[in-house]
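> As they're listed, the protein sequences go chains A and B. Just so we're aligned: the first sequence equals residues 1 to 437 in UniProt numbering. Just so we're aligned: the second sequence equals residues 1 to 437 in UniProt numbering.
These are calculated hints, taken from the structure and not from any lab test. Check before you lean on any hint, since a few could be wrong.
Said to hold, decoys possible - Facing chain A, a subset of chain B residues (Cβ under 8 Å, in silico): (1) 120; (2) 191; (3) 193; (4) 301; (5) 316; (6) 325; (7) 334; (8) 340.
As the list claims (entries may be wrong) - Derived pair list, reagent style EDC-like, types lysine to aspartate or glutamate, alpha-carbon separation capped at 20 Å: (9) 279(A) with 395(B); (10) 366(B) with 425(B); (11) 279(A) with 296(A); (12) 279(A) with 280(B); (13) 279(B) with 419(B); (14) 366(A) with 425(A); (15) 366(B) with 395(B); (16) 279(B) with 280(A); (17) 366(B) with 419(B).
What the hints assert, rightly or not - A short, non-exhaustive set of chain A residues, derived as facing chain B with CB atoms under 10 Å: (18) 32; (19) 36; (20) 129; (21) 147; (22) 148; (23) 151; (24) 153; (25) 180; (26) 183; (27) 290; (28) 300; (29) 311; (30) 315; (31) 319.
Idealized CB from N, CA, C, for every residue including glycine.
Protein chains: 2
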Amino acid sequence: MTSHPHEPRTLRVALLGHGAVGSEVARLLTRDADELAQRIGARLELVGVAVGSDRPDRQTAFDPALLTTDAAALVRRGDLDVVIELIGGIEPARSLVLAALEHGASVVTGNKALLAEDGSTLFAAAEDAERDLSYEAAVAGAIPIIRPLRESLTGDHVRRVLGIVNGTTNFILDAMTTTGQGFDEALAEAQRLGFAEADPTADVEGFDAAAKAAILASLAFHTRVTIEDVHREGITTVTADEIASADDMGCVVKLLAICDQSMDGGAVSARVHPVMIPKDHPLASVRGAYNAVFVESESAGQLMFYGPGAGGAPTASAVLGDVVSVARNRLLEVTAPPERTHARRRLLGIGDARTRYHIALDVDDKAGVLASVALAFADNEVSISAVRQEGHGDDAQLVVITHTATDAALSRTVQQLSDLPMVREVSSVMRVEGEGL
Amino acid sequence: MTSHPHEPRTLRVALLGHGAVGSEVARLLTRDADELAQRIGARLELVGVAVGSDRPDRQTAFDPALLTTDAAALVRRGDLDVVIELIGGIEPARSLVLAALEHGASVVTGNKALLAEDGSTLFAAAEDAERDLSYEAAVAGAIPIIRPLRESLTGDHVRRVLGIVNGTTNFILDAMTTTGQGFDEALAEAQRLGFAEADPTADVEGFDAAAKAAILASLAFHTRVTIEDVHREGITTVTADEIASADDMGCVVKLLAICDQSMDGGAVSARVHPVMIPKDHPLASVRGAYNAVFVESESAGQLMFYGPGAGGAPTASAVLGDVVSVARNRLLEVTAPPERTHARRRLLGIGDARTRYHIALDVDDKAGVLASVALAFADNEVSISAVRQEGHGDDAQLVVITHTATDAALSRTVQQLSDLPMVREVSSVMRVEGEGL
Numbered sequence: 001m002t003s004h005p006h007e008p009r010t011l012r013v014a015l016l017g018h019g020a021v022g023s024e025v026a027r028l029l030t031r032d033a034d035e036l037a038q039r040i041g042a043r044l045e046l047v048g049v050a051v052g053s054d055r056p057d058r059q060t061a062f063d064p065a066l067l068t069t070d071a072a073a074l075v076r077r078g079d080l081d082v083v084i085e086l087i088g089g090i091e092p093a094r095s096l097v098l099a100a101l102e103h104g105a106s107v108v109t110g111n112k113a114l115l116a117e118d119g120s121t122l123f124a125a126a127e128d129a130e131r132d133l134s135y136e137a138a139v140a141g142a143i144p145i146i147r148p149l150r151e152s153l154t155g156d157h158v159r160r161v162l163g164i165v166n167g168t169t170n171f172i173l174d175a176m177t178t179t180g181q182g183f184d185e186a187l188a189e190a191q192r193l194g195f196a197e198a199d200p201t202a203d204v205e206g207f208d209a210a211a212k213a214a215i216l217a218s219l220a221f222h223t224r225v226t227i228e229d230v231h232r233e234g235i236t237t238v239t240a241d242e243i244a245s246a247d248d249m250g251c252v253v254k255l256l257a258i259c260d261q262s263m264d265g266g267a268v269s270a271r272v273h274p275v276m277i278p279k280d281h282p283l284a285s286v287r288g289a290y291n292a293v294f295v296e297s298e299s300a301g302q303l304m305f306y307g308p309g310a311g312g313a314p315t316a317s318a319v320l321g322d323v324v325s326v327a328r329n330r331l332l333e334v335t336a337p338p339e340r341t342h343a344r345r346r347l348l349g350i351g352d353a354r355t356r357y358h359i360a361l362d363v364d365d366k367a368g369v370l371a372s373v374a375l376a377f378a379d380n381e382v383s384i385s386a387v388r389q390e391g392h393g394d395d396a397q398l399v400v401i402t403h404t405a406t407d408a409a410l411s412r413t414v415q416q417l418s419d420l421p422m423v424r425e426v427s428s429v430m431r432v433e434g435e436g437l
Numbered sequence: 001m002t003s004h005p006h007e008p009r010t011l012r013v014a015l016l017g018h019g020a021v022g023s024e025v026a027r028l029l030t031r032d033a034d035e036l037a038q039r040i041g042a043r044l045e046l047v048g049v050a051v052g053s054d055r056p057d058r059q060t061a062f063d064p065a066l067l068t069t070d071a072a073a074l075v076r077r078g079d080l081d082v083v084i085e086l087i088g089g090i091e092p093a094r095s096l097v098l099a100a101l102e103h104g105a106s107v108v109t110g111n112k113a114l115l116a117e118d119g120s121t122l123f124a125a126a127e128d129a130e131r132d133l134s135y136e137a138a139v140a141g142a143i144p145i146i147r148p149l150r151e152s153l154t155g156d157h158v159r160r161v162l163g164i165v166n167g168t169t170n171f172i173l174d175a176m177t178t179t180g181q182g183f184d185e186a187l188a189e190a191q192r193l194g195f196a197e198a199d200p201t202a203d204v205e206g207f208d209a210a211a212k213a214a215i216l217a218s219l220a221f222h223t224r225v226t227i228e229d230v231h232r233e234g235i236t237t238v239t240a241d242e243i244a245s246a247d248d249m250g251c252v253v254k255l256l257a258i259c260d261q262s263m264d265g266g267a268v269s270a271r272v273h274p275v276m277i278p279k280d281h282p283l284a285s286v287r288g289a290y291n292a293v294f295v296e297s298e299s300a301g302q303l304m305f306y307g308p309g310a311g312g313a314p315t316a317s318a319v320l321g322d323v324v325s326v327a328r329n330r331l332l333e334v335t336a337p338p339e340r341t342h343a344r345r346r347l348l349g350i351g352d353a354r355t356r357y358h359i360a361l362d363v364d365d366k367a368g369v370l371a372s373v374a375l376a377f378a379d380n381e382v383s384i385s386a387v388r389q390e391g392h393g394d395d396a397q398l399v400v401i402t403h404t405a406t407d408a409a410l411s412r413t414v415q416q417l418s419d420l421p422m423v424r425e426v427s428s429v430m431r432v433e434g435e436g437l
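Produce the complete structure using the sequences and hints provided.
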């Protein structure tokens with residue numbers, strides 16, 4: 001490493017994307033240039049900002065001459081040290097990231113969709129190019145969770161990760177819990193307040209959370225999990241009745257990303273679905289659009305990381321933290337440890353996932369119902385923890401809480417229950433996390 | 001950097017201390033040797049374990065021949081890559097760490113007392129020696145907080161850190177809250193259950209938390225804060241009445257380490273004292289011996305890091321995370337960014353600290369008392385947020401909640417109140433954090 005104490009090196013940075021996060025990153029790179037130089041040991045020079053369309057009147061924190069619509073040419077300049085990718089989506093983001101790495105730049109990205117779909121290609125490209133690929137901003141916004149999993153817990157064994165990783169759905173479920181609103185009403189309110197998009201599909205159907213689950217599971221278990229491997233259920237079918245029933249049990253309903261492994265550690269699974277969790281669980285008190293990731297590891301025990309999961313400024317904080325790290329590494333001509341997927345564990349399907357269940361049945365209010373219902377559970381070796389009858393006559397309902405069972409056994413049980421003549425409808429099946437209910 | 005793909009390098013590790021944490025670290029270094037080698041890219045070889053006294057019958061996870069009582073000779077071998085210091089206290093730990101660095105080893109330590117007393121000497125020595133000095137285990141056990149502050153938030157501006165960083169005092173205050181016990185009773189129970197030591201001074205008088213406050217403030221504000229700079233009050237004077245009064249206000253009492261800065265950022269302060277915080281504050285639900293650190297930063301907003309604050313296995317997890325990092329750095333012949341204390345900010349004394357207060361006064365139950373009391377506050381420009389009278393006759397008590405004021409103004413107010421003939425006693429003064437009470 002050569003060193004010129006009187007001629008500090010400049011590192012060249014290109015920014016792809018100038019939306020809420022990109023413009024905040026540009027603003028901070030400009031405003032805090034001196035301080036960042038001190039932290040890195042080199043000045044960062046913003047040499048280009050790629051935008052989707054030519055808008056000469058765009059407000060920028062930098063010389064507007066740096067704006068370009070030719071991102072492909074920008075990443076191929078050959079003199080870049082760091083490329084910050086904040087375009088999102090699969091293409092052209094993937095081609096641009098690969099080209100940036102090939103042409104010698106380290107990459108900082110917040111692109112969860114791309115990492116979850118094709119992380120292995122990107123990480124392989126980074127390793128081949130001997131450059132960093134950093135992505136703290138891709139999961140849970142400003143919350144430092146990628147670095148702790150990659151570095152702090154690297155001497156430990158993560159057993160399980162539970163995350164509230166989508167602020168929109170947490171806001172909606174929280175509103176349903178607080179106000180008794182149904183899903184549609186709460187969604188409309190979230191849209192009105194700017195917490196949900198006009199097309200909320202990616203959030204409410206769990207696609208966004210599933211991408212993050214894939215990234216978290218890959219990191220936690222040192223194996224490659226893609227979004228295709230993640231079982232996904234959204235919150236559109238969660239009813240006010242289920243929220244109320246959870247409340248009766250001392251629980252709240254949360255959309256969780258769950259990454260866990262089989263008893264022997266040989267196989268892993270990642271899934272996203274609504275879950276009832278006890279109110280005294282640390283994740284239960286995560287309100288509104290906040291995110292939190294709960295990690296259970298062998299030595300460290302139970303850890304939780306909490307903070308804003310989205311937004312321009314919080315996400316920009318995560319991006320800048322990565323920029324400082326990869327810039328320092330460029331200066332030292334080293335890279336962070338590559339992604340380790342040596343474990344190559346088997347992926348469990350949802351049928352093998354083991355959890356507890358809350359099942360509500362509309363039943364005929366007559367003798368023998370409970371016996372028949374109990375038999376359906378016993379036939380499938382699903383053990384019952386508690387049963388409660390609610391209402392009478394046409395409103396009679398049975399609520400059953402099970403002990404831990406596989407999803408496959410539970411599905412068979414539900415099928416059998418549906419076929420019983422005295423069961424009018426299986427009105428709710430929801431998974432339950434946490435002990436002691 | 002030379003590379004021998006078929007002859008992987010071995011890194012030599014010495015362990016100082018073989019107590020609860022040290023023995024767990026030794027066990028994991030041995031048990032997980034293959035996995036750690038894969039993560040680091042080199043095998044770790046434990047070449048010596050320094051213990052305080054010769055006990056040949058000691059149970060060890062390693063060849064007992066590695067045990068030595070001559071720590072000074074061990075750290076001077078000259079062939080060590082990593083020294084893990086888990087002795088604690090100032091001496092001989094300081095001399096051993098300095099000698100280890102001088103002789104070419106990177107150091108991983110969990111020694112909060114030493115870092116808080118003399119961090120600048122140690123960090124300067126590490127920088128001179130071009131070696132790492134890592135200390136994730138020194139604050140909040142297994143919770144990754146040092147690395148997020150040093151690295152993840154390095155592109156952001158931390159405004160404030162509030163931490164529950166001592167499990168013993170949190171356990172005692174939690175027990176007082178749950179059971180209505182007084183301090184002495186709750187302490188005895190904590191001792192019986194192993195959550196407090198026979199001599200609990202370091203915990204209950206806030207020394208342990210003050211050391212951690214100094215470390216957190218130094219990191220958060222990029223300036224050097226020592227334990228001498230930390231205003232410290234313990235929990236021995238917290239009464240069951242104060243806990244009950246907090247509960248009435250929708251608050252709980254916590255011992256907090258508080259690091260903040262003046263409005264203009266030019267000065268910083270660190271202090272440890274009991275605080276009433278609203279029950280809906282994320283720190284309020286941190287129960288038992290758990291720790292949590294709450295960080296407010298300009299861009300990221302409010303973050304919280306939660307987990308076990310002590311114990312052999314959790315602390316060993318933090319130590320091993322550091323060992324993997326510094327070992328990788330030794331292999332690459334680089335070091336982590338040095339501690340940055342370039343900010344050299346002025347330190348505020350407790351008199352300049354600004355917070356809100358809960359003050360309870362035993363008063364004569366007669367007309368004019370409130371007017372006189374209110375005047376004492378007004379005279380010192382301390383604005384009153386709420387007043388409540390409790391009891392009558394000999395039991396009459398006024399509870400006053402103030403708006404934000406400096407500690408100096410509050411002290412003058414309390415003095416003036418004590419001098420009032422109708423005030424029999426100022427029975428409680430406690431600081432209040434959080435808005436909206």
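> Could you grab the alpha-carbon distance between residue 366(B) and residue 425(B) and see if it respects the 20 Å cut-off?
holds, 15 Å
> Regarding the hint that residue 193(B) lies at the interface with chain A, is the smallest CB-CB distance below 8 Å?
violated, 17 Å
> Quick check on the hint: residue 129(A) CB to chain B CB, less than 10 Å?
Because about 17 Å separates residue 129(A) from the closest Cβ in chain B, which is outside the 10 Å limit, the hint is violated.
> Regarding the pair residue 279(B) and residue 419(B), is the alpha-carbon distance no greater than 20 Å?
violated, 34 Å
> Against chain B, with CB atoms and a cut of 10 Å, does the hint on residue 153(A) hold up?
Holds - the Cβ of residue 153(A) comes within 10 Å of chain B, reaching about 6 Å at its closest.
> Would you settle whether the hint for residue 147(A) is holds or violated, based on the nearest Cβ-Cβ distance to chain B being less than 10 Å?
This hint holds: residue 147(A) lies near chain B, its Cβ roughly 5 Å from the closest one there, short of 10 Å.
> Can you confirm whether the C-alpha distance between residue 366(B) and residue 419(B) stays at or below 20 Å?
holds, 17 Å
> Regarding the hint that residue 180(A) lies at the interface with chain B, is the smallest CB-CB distance below 10 Å?
It is violated, given that the least Cβ distance between residue 180(A) and chain B is near 20 Å, above 10 Å.
> Interface hint check: residue 32(A), Cβ to nearest Cβ on chain B, cutoff 10 Å. Holds or violated?
Holds. Min distance 8 Å.
> Given a cut of 8 Å on the nearest C-beta pair, is the interface hint for residue 316(B) held or broken against chain A?
holds, 6 Å
> Taking the closest Cβ pair, is residue 301(B) under 8 Å from chain A?
holds, 5 Å
> Interface hint check: residue 300(A), Cβ to nearest Cβ on chain B, cutoff 10 Å. Holds or violated?
Check passed: Cβ of residue 300(A) comes within 4 Å of chain B, closer than 10 Å.
In this structure, the hints that do not hold are numbers 1, 2, 3, 9, 13, 20, 25, 26, in rising order.
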